[in-house]
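Participant: Spelled out, the chains give:
2 protein chains.
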Amino acid sequence: MRIEILCTGDEVLTGKITNTNFSYISQKLEDVGLTVVWGTTVGDDRARLLEAFRLAAGRADAVIVNGGLGPTVDDLSQEVAAAAAGVGLVLNEEWLARMEAFFTRRARTMPPNNRKQAMLPEGAEVLDNPIGTACGFALDIGQARFFFTPGVPRELRRMLEEQVIPRLLARAGGPTTIRLKRFHSYGIGESHADALLEGIEALAPDGSVKLGFRAHYPQLETKLTVRGASPEEVAARLAPIEAEIRRRLGNFILAEDDRTLEGEVLAALSAAGGTLSLVETFTAGQIAARLGPLPGAEAVFRRAVVARDPADLAAAVGLEDAPALGPFSEDAAAAAARAIRAGSGASHAMAVLIALDEGPDAIDFGGSIYLAIATAGRLETRRSRILGGREWVRLGAVELGLDCLRRFLTGLPVNERIDFEKT
Amino acid sequence: MRIEILCTGDEVLTGKITNTNFSYISQKLEDVGLTVVWGTTVGDDRARLLEAFRLAAGRADAVIVNGGLGPTVDDLSQEVAAAAAGVGLVLNEEWLARMEAFFTRRARTMPPNNRKQAMLPEGAEVLDNPIGTACGFALDIGQARFFFTPGVPRELRRMLEEQVIPRLLARAGGPTTIRLKRFHSYGIGESHADALLEGIEALAPDGSVKLGFRAHYPQLETKLTVRGASPEEVAARLAPIEAEIRRRLGNFILAEDDRTLEGEVLAALSAAGGTLSLVETFTAGQIAARLGPLPGAEAVFRRAVVARDPADLAAAVGLEDAPALGPFSEDAAAAAARAIRAGSGASHAMAVLIALDEGPDAIDFGGSIYLAIATAGRLETRRSRILGGREWVRLGAVELGLDCLRRFLTGLPVNERIDFEKT
Numbered sequence: 001m002r003i004e005i006l007c008t009g010d011e012v013l014t015g016k017i018t019n020t021n022f023s024y025i026s027q028k029l030e031d032v033g034l035t036v037v038w039g040t041t042v043g044d045d046r047a048r049l050l051e052a053f054r055l056a057a058g059r060a061d062a063v064i065v066n067g068g069l070g071p072t073v074d075d076l077s078q079e080v081a082a083a084a085a086g087v088g089l090v091l092n093e094e095w096l097a098r099m100e101a102f103f104t105r106r107a108r109t110m111p112p113n114n115r116k117q118a119m120l121p122e123g124a125e126v127l128d129n130p131i132g133t134a135c136g137f138a139l140d141i142g143q144a145r146f147f148f149t150p151g152v153p154r155e156l157r158r159m160l161e162e163q164v165i166p167r168l169l170a171r172a173g174g175p176t177t178i179r180l181k182r183f184h185s186y187g188i189g190e191s192h193a194d195a196l197l198e199g200i201e202a203l204a205p206d207g208s209v210k211l212g213f214r215a216h217y218p219q220l221e222t223k224l225t226v227r228g229a230s231p232e233e234v235a236a237r238l239a240p241i242e243a244e245i246r247r248r249l250g251n252f253i254l255a256e257d258d259r260t261l262e263g264e265v266l267a268a269l270s271a272a273g274g275t276l277s278l279v280e281t282f283t284a285g286q287i288a289a290r291l292g293p294l295p296g297a298e299a300v301f302r303r304a305v306v307a308r309d310p311a312d313l314a315a316a317v318g319l320e321d322a323p324a325l326g327p328f329s330e331d332a333a334a335a336a337a338r339a340i341r342a343g344s345g346a347s348h349a350m351a352v353l354i355a356l357d358e359g360p361d362a363i364d365f366g367g368s369i370y371l372a373i374a375t376a377g378r379l380e381t382r383r384s385r386i387l388g389g390r391e392w393v394r395l396g397a398v399e400l401g402l403d404c405l406r407r408f409l410t411g412l413p414v415n416e417r418i419d420f421e422k423t
Numbered sequence: 001m002r003i004e005i006l007c008t009g010d011e012v013l014t015g016k017i018t019n020t021n022f023s024y025i026s027q028k029l030e031d032v033g034l035t036v037v038w039g040t041t042v043g044d045d046r047a048r049l050l051e052a053f054r055l056a057a058g059r060a061d062a063v064i065v066n067g068g069l070g071p072t073v074d075d076l077s078q079e080v081a082a083a084a085a086g087v088g089l090v091l092n093e094e095w096l097a098r099m100e101a102f103f104t105r106r107a108r109t110m111p112p113n114n115r116k117q118a119m120l121p122e123g124a125e126v127l128d129n130p131i132g133t134a135c136g137f138a139l140d141i142g143q144a145r146f147f148f149t150p151g152v153p154r155e156l157r158r159m160l161e162e163q164v165i166p167r168l169l170a171r172a173g174g175p176t177t178i179r180l181k182r183f184h185s186y187g188i189g190e191s192h193a194d195a196l197l198e199g200i201e202a203l204a205p206d207g208s209v210k211l212g213f214r215a216h217y218p219q220l221e222t223k224l225t226v227r228g229a230s231p232e233e234v235a236a237r238l239a240p241i242e243a244e245i246r247r248r249l250g251n252f253i254l255a256e257d258d259r260t261l262e263g264e265v266l267a268a269l270s271a272a273g274g275t276l277s278l279v280e281t282f283t284a285g286q287i288a289a290r291l292g293p294l295p296g297a298e299a300v301f302r303r304a305v306v307a308r309d310p311a312d313l314a315a316a317v318g319l320e321d322a323p324a325l326g327p328f329s330e331d332a333a334a335a336a337a338r339a340i341r342a343g344s345g346a347s348h349a350m351a352v353l354i355a356l357d358e359g360p361d362a363i364d365f366g367g368s369i370y371l372a373i374a375t376a377g378r379l380e381t382r383r384s385r386i387l388g389g390r391e392w393v394r395l396g397a398v399e400l401g402l403d404c405l406r407r408f409l410t411g412l413p414v415n416e417r418i419d420f421e422k423t
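Sequence order for the protein chains is Y and G. With the numbering used here applied, the first sequence has no gaps in its numbers, which climb one by one up to 423 at the end. With the numbering used here applied, the second sequence has no gaps in its numbers, which climb one by one up to 423 at the end.
Please keep in mind that the hints were generated in silico from the structure rather than gathered at the bench. Wrong hints could be hidden among the right ones.
[As the list claims (entries may be wrong)] Among the chain G residues that face chain Y by a calculated CB cut under 8 Å, a handful are:
id, residue
1, 18
2, 214
3, 217
4, 301
[As the list claims (entries may be wrong)] Simulated crosslink set (BS3-like; lysine-lysine; CA at most 30 Å straight-line):
id, chain 1, residue 1, chain 2, residue 2
5, Y, 16, G, 422
6, Y, 210, Y, 223
7, Y, 16, G, 223
8, G, 16, Y, 223
9, Y, 16, G, 28
10, G, 223, G, 28
11, G, 16, Y, 28
12, Y, 28, Y, 16
13, G, 210, G, 181
14, G, 28, Y, 210
15, G, 16, Y, 16
16, G, 223, G, 210
17, G, 223, G, 181
18, G, 210, G, 28
19, G, 223, Y, 181
20, G, 181, Y, 16
21, G, 16, Y, 422
[Said to hold, decoys possible] Derived CB-CB ranges, DEER-like:
id, chain 1, residue 1, chain 2, residue 2, range
22, G, 318, Y, 274, 17 to 27 Å
23, G, 71, Y, 345, 51 to 61 Å
24, Y, 256, G, 72, 27 to 37 Å
25, Y, 363, G, 113, 13 to 23 Å
26, Y, 154, G, 94, 48 to 58 Å
27, G, 108, Y, 327, 25 to 35 Å
28, Y, 177, G, 73, 33 to 43 Å
29, G, 274, Y, 162, 47 to 57 Å
30, Y, 256, G, 107, 39 to 49 Å
31, Y, 71, G, 274, 50 to 60 Å
32, Y, 54, G, 107, 49 to 59 Å
Backbone N, C-alpha and C fix where the C-beta goes; we use that ideal spot for every residue, glycine too.
Based on the sequences and whatever the hints tell you, model everything.
Facilitator: In structure tokens form, the structure reads like this:
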């Protein structure tokens with residue numbers, strides 16, 4: 001099935017907003033094994049919209065139109081869809097009632113403008129939008145089925161998931177139970193992961209499992225799409241493959257599906273009744289900022305201290321009289337972690353000290369990272385070196401710190417080599 | 001002039017990477033008064049690329065093609081461009097020599113693959129890429145002039161600025177000296193700014209100044225595009241208008257052009273020979289993380305302390321024996337700022353304490369922000385309330401803190417009301 005995504009709106013066309021809806025839709029379709037072959041973007045212009053609808057109707061089997069369902073005069077999707085299909089617009093009384101109820105629940109009167117949102121092309125099938133006033137709909141134009149969706153991202157996402165994808169899968173035929181399984185890792189690059197997972201798709205019969213990656217430094221997402229006739233069949237196919245992926249990627253998998261690295265760290269600390277304090281230098285509070293605002297962090301996150309200068313840092317963690325913390329080293333990190341742990345009464349403490357290279361920022365600019373994690377009875381330290389410019393070092397050090405914490409808390413080696421390190 | 005942007009590549013089409021190049025190109029063209037009327041995205045597929053080139057050649061005057069200039073077999077732009085134009089591919093000896101020198105400078109031998117990047121359609125005009133091996137080029141296909149650009153963002157950006165835009169402006173005719181002036185503000189919404197700047201375009205003759213906005217919460221960017229026959233004419237037209245914008249937006253302008261809020265704060269502290277310490281709660285180190293990693297911050301940024309619990313916070317800033325810091329208040333913020341200033345020896349200290357609402361995250365979830373900035377002889381405090389969900393509160397509080405610091409350091413009122421506050 002050839003699918004086209006057609007994004008509308010002056011704000012998207014002129015770059016005033018970045019079109020994240022396009023990549024979101026495209027990715028979601030890929031995740032269920034559907035393939036987008038064409039993308040089109042046009043503004044709020046009747047003639048160009050009509051031309052875009054006609055072109056898409058001629059070359060695609062299914063078209064997802066995004067945007068243009070709002071109440072204002074520049075929202076043209078229904079009107080142009082009707083023109084392209086050669087039908088009129090009719091008031092959908094049911095949707096009008098839904099909108100009126102929507103406003104009533106919010107103690108407001110529906111503005112007359114919004115009535116426009118209930119005018120649909122004759123013969124259109126309604127696609128429910130339980131969280132907004134834009135009415136989605138599906139309609140045949142030429143040989144293609146068009147699915148009209150709202151531009152508001154959270155409304156689009158829900159409608160895509162609940163209304164559009166099931167209809168597309170039904171039209172595509174074949175097994176329609178599909179599951180997306182995701183593994184998040186830190187420390188292996190995409191080509192390395194690809195090599196480690198060679199042959200994984202062949203463990204399932206006849207192409208029912210598809211492997212993919214999405215790299216967003218410093219993390220890598222490994223995705224498995226599994227298809228089958230029923231949830232039971234999908235689960236049975238997935239089980240041995242996910243076990244094999246866990247075996248091959250091993251300690252590098254930091255979380256699965258919707259879970260996050262910082263969420264796993266917080267969960268492990270919460271489960272152990274632990275509390276955490278942090279010492280940072282060049283990362284300047286970014287490790288703390290990943291953990292500190294999470295729901296539940298108020299019971300776990302005890303204290304973070306940031307300083308750039310070794311003497312300032314020593315004073316900030318109460319080590320004025322001890323040997324200085326500079327130049328930074330694993331010993332200095334251990335001393336800083338122990339000091340903040342003692343000073344704050346936390347069960348766990350981590351210090352991440354970074355000695356930046358001298359000179360201007362450049363692609364080979366690097367930093368040496370000295371890390372220590374301490375509890376009452378245990379200390380682990382690590383030295384790492386990351387190149388790639390100031391920002392790359394900063395991002396890498398934040399992730400390295402959080403991942404070492406995860407490893408420490410879950411009994412995995414803190415010192416396993418990663419692909420991003422230079423020696 | 002009708003301009004089309006044609007993005008190529010499977011990674012963009014499948015949503016594996018978000019297409020930020022599209023919005024970047026579109027916005028840059030808008031900024032110089034050029035208008036994009038159509039956007040197309042296709043994958044690395046010969047037949048579809050050829051079809052896309054033919055459609056664009058038939059409806060646009062100029063087409064910017066992005067991607068497909070790399071050395072691998074799925075980079076098809078030169079080949080398909082030649083086919084669409086009905087010409088052959090010829091080796092550009094000059095570019096081949098440039099590439100060989102590029103690799104030699106890096107002490108590497110050019111892989112044979114890369115030779116492909118010097119094969120250009122016959123009659124193509126080279127568009128220089130001083131920072132990569134992908135050779136840009138321009139070529140007529142049908143009635144349209146096509147500009148082929150690399151997919152690597154930093155290479156695209158430079159080529160667009162130096163090679164493509166000047167050629168487009170020359171083709172468009174009219175005054176070709178164009179200047180983009182930008183003002184960054186915090187605290188006024190887009191519609192409020194629009195109202196404040198009503199009539200501003202009319203201060204310049206015959207449409208030579210265009211006003212635009214780009215909102216990215218919590219900041220708003222106000223953009224002026226000024227056209228004229230010469231740099232002197234542009235400067236003369238811009239001068240009274242930028243003065244008027246500074247007058248109308250006043251204290252809300254936090255930086256201009258490429259400068260940033262955190263950069264201005266750091267510059268003001270550096271100029272005064274000052275140093276800074278910070279106390280944070282729910283923002284959890286994010287204010288520190290905006291300032292701490294900047295070049296030059298090592299001489300200014302003294303210390304940051306983060307805690308979520310009032311008693312922990314009191315201990316962390318050395319206030320164990322003083323009145324407790326909770327519940328948070330302006331007085332507590334003042335005590336915390338004074339304590340960390342004294343403890344760290346900084347000339348300036350700011351504390352941002354946040355009392356979050358109870359209950360689950362929702363659109364009306366809010367937080368009360370208590371802020372204090374202290375020096376040896378001066379203390380300013382502020383109370384603010386922001387609604388919109390946990391993340392909205394966090395982002396707003398980070399920006400509010402940095403902006404209050406800017407105001408404090410530059411002699412502006414710290415307590416001026418902003419549009420995002422609720423009372």
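Participant: Honestly, which of those hints from before does the structure not fit?
Facilitator: Numbers 3, 14 and 19 - these are the hints that the structure violates, sorted from lowest upward.
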